[in-house]
Amino acid sequence: MPTITLFDRVRKLHTKAILRPCKVTQRKASKALFKEAKQNKCCCSGNYPGSELQRVTVPNDKIAWEVPFDEYKPLEYSAVSASVNICGTVEAETDPIDLFFTSQCVHSIQFNSTSDDGFNPKFNTLDGSIDRRSCTGEYLVVDGRPLNPVGRTGIAGKGSLARWGPNHRVFVLITRLNMEEVSKNLMQADSLEFTEILACRSSTGTWSLPNGFVNSPHLALTSELDALLKSRLSKSLSVAGAEKRFRKALKHKELVLQSYYDDSRNTDNAWVEVTVYEFAYQYGFGDLVFENENNTLGFQWRKFSENPLGYDMFK
Numbered sequence: 001m002p003t004i005t006l007f008d009r010v011r012k013l014h015t016k017a018i019l020r021p022c023k024v025t026q027r028k029a030s031k032a033l034f035k036e037a038k039q040n041k042c043c044c045s046g047n048y049p050g051s052e053l054q055r056v057t058v059p060n061d062k063i064a065w066e067v068p069f070d071e072y073k074p075l076e077y078s079a080v081s082a083s084v085n086i087c088g089t090v091e092a093e094t095d096p097i098d099l100f101f102t103s104q105c106v107h108s109i110q111f112n113s114t115s116d117d118g119f120n121p122k123f124n125t126l127d128g129s130i131d132r133r134s135c136t137g138e139y140l141v142v143d144g145r146p147l148n149p150v151g152r153t154g155i156a157g158k159g160s161l162a163r164w165g166p167n168h169r170v171f172v173l174i175t176r177l178n179m180e181e182v183s184k185n186l187m188q189a190d191s192l193e194f195t196e197i198l199a200c201r202s203s204t205g206t207w208s209l210p211n212g213f214v215n216s217p218h219l220a221l222t223s224e225l226d227a228l229l230k231s232r233l234s235k236s237l238s239v240a241g242a243e244k245r246f247r248k249a250l251k252h253k254e255l256v257l258q259s260y261y262d263d264s265r266n267t268d269n270a271w272v273e274v275t276v277y278e279f280a281y282q283y284g285f286g287d288l289v290f291e292n293e294n295n296t297l298g299f300q301w302r303k304f305s306e307n308p309l310g311y312d313m314f315k
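Note that the sequence shown ends on residue 315 in full-length UniProt numbering; no numbers are left out.
What the hints contain is simulated information worked out from the structure, not anything from laboratory work. Misleading hints may appear alongside valid ones.
Said to hold, decoys possible - The calculated label-pair distances, taken between Cβ atoms and stated as ranges, are: (1) Pro68 x Ser231: 13 to 23 Å; (2) Arg247 x Pro68: 52 to 62 Å; (3) Leu126 x Glu66: 37 to 47 Å; (4) Gly137 x Asp98: 19 to 29 Å; (5) Gln54 x Val141: 22 to 32 Å; (6) Gly118 x Thr57: 30 to 40 Å; (7) Asn60 x Gly118: 36 to 46 Å; (8) Val142 x Arg302: 42 to 52 Å; (9) Pro68 x Thr136: 21 to 31 Å; (10) Ala227 x Pro59: 45 to 55 Å; (11) Tyr72 x Val239: 29 to 39 Å; (12) Asn124 x Asp226: 23 to 33 Å; (13) Thr206 x His252: 24 to 34 Å; (14) Glu138 x Ala227: 27 to 37 Å.
Predicted model, so just to flag it, every value in this text is computed and none were measured. All C-beta atoms in this analysis are idealised placements derived from N, C-alpha and C, irrespective of residue type, glycine included.
Working from the sequences, and respecting the hints, build out all of it.
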């Protein structure tokens with residue numbers, strides 16, 4: 001009977017561990033988002049973020065567009081500058097704020113308005129480099145305006161989002177194993193105890209997955225995160241080696257989920273949809289070091305067990 005060496009045990013545990021986190025984190029992320037994201041709760045009452053505009057209160061039984069709500073007269077609000085995420089940015093110029101007016105709106109409130117007669121977005125399809133399709137399926141377009149697929153939000157217009165219709169926000173779930181901990185706990189069956197995720201810290205001290213708005217949900221990385229990861233890889237590899245490692249990681253990314261997201265910035269005509277990709281340990285990002293120096297985005301490897309993928313991780 002062959003002797004099982006320490007190396008064999010580590011390798012066996014390592015093999016098991018690098019396969020499990022991907023599937024487990026996918027399930028956890030899916031549950032965290034799908035449980036709360038597909039309903040309008042954050043965006044159906046109170047003031048619109050960054051403004052003093054009060055939303056029209058929408059009863060739960062009147063959220064769906066199919067339900068008659070004759071007295072529904074939401075304010076119109078569109079801001080020219082789009083909101084910026086922590087750890088991410090809006091990738092391109094925003095849509096103009098003028099896009100027809102619906103008869104349902106009481107009156108409109110716009111800032112720095114400049115009409116753009118040439119703006120003619122193609123909803124429910126790929127509009128040049130901008131993907132205006134929704135992961136929820138085809139959405140309604142009434143009087144030239146897209147309608148939130150979940151229903152009424154109490155305010156019309158584009159709000160502070162970049163796009164009319166779906167606004168694609170991509171989150172990146174980068175996982176790795178803490179091999180030092182693995183070597184100390186060879187018989188530990190739960191690999192999640194040794195799994196770490198890359199997180200970024202906001203100015204308020206909250207943690208989130210690296211994220212940003214992109215023109216298409218098929219873009220796994222924002223330009224900012226793309227540049228950061230390449231620069232970190234090039235510290236330990238040649239330029240060609242870093243590029244090769246980077247391409248390999250992109251090739252093996254896992255689509256975790258796509259979902260409508262109950263974002264407080266959502267309006268009747270603009271909303272956030274979330275796409276989450278995972279880059280697993282064995283494909284190259286796990287050995288990146290994020291020291292304090294020049295780490296402007298506050299990236300840090302965090303224990304997965306201490307940072308479960310709850311709904312707040314996607315804010």
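So, going through the hints one by one against the coordinates:
no. : hint                        : result
1   : Pro68 x Ser231: 13 to 23 Å  : violated, 55 Å
2   : Arg247 x Pro68: 52 to 62 Å  : holds, 53 Å
3   : Leu126 x Glu66: 37 to 47 Å  : violated, 28 Å
4   : Gly137 x Asp98: 19 to 29 Å  : holds, 27 Å
5   : Gln54 x Val141: 22 to 32 Å  : holds, 27 Å
6   : Gly118 x Thr57: 30 to 40 Å  : holds, 37 Å
7   : Asn60 x Gly118: 36 to 46 Å  : holds, 40 Å
8   : Val142 x Arg302: 42 to 52 Å : holds, 44 Å
9   : Pro68 x Thr136: 21 to 31 Å  : holds, 22 Å
10  : Ala227 x Pro59: 45 to 55 Å  : holds, 46 Å
11  : Tyr72 x Val239: 29 to 39 Å  : violated, 57 Å
12  : Asn124 x Asp226: 23 to 33 Å : holds, 28 Å
13  : Thr206 x His252: 24 to 34 Å : holds, 30 Å
14  : Glu138 x Ala227: 27 to 37 Å : holds, 35 Å
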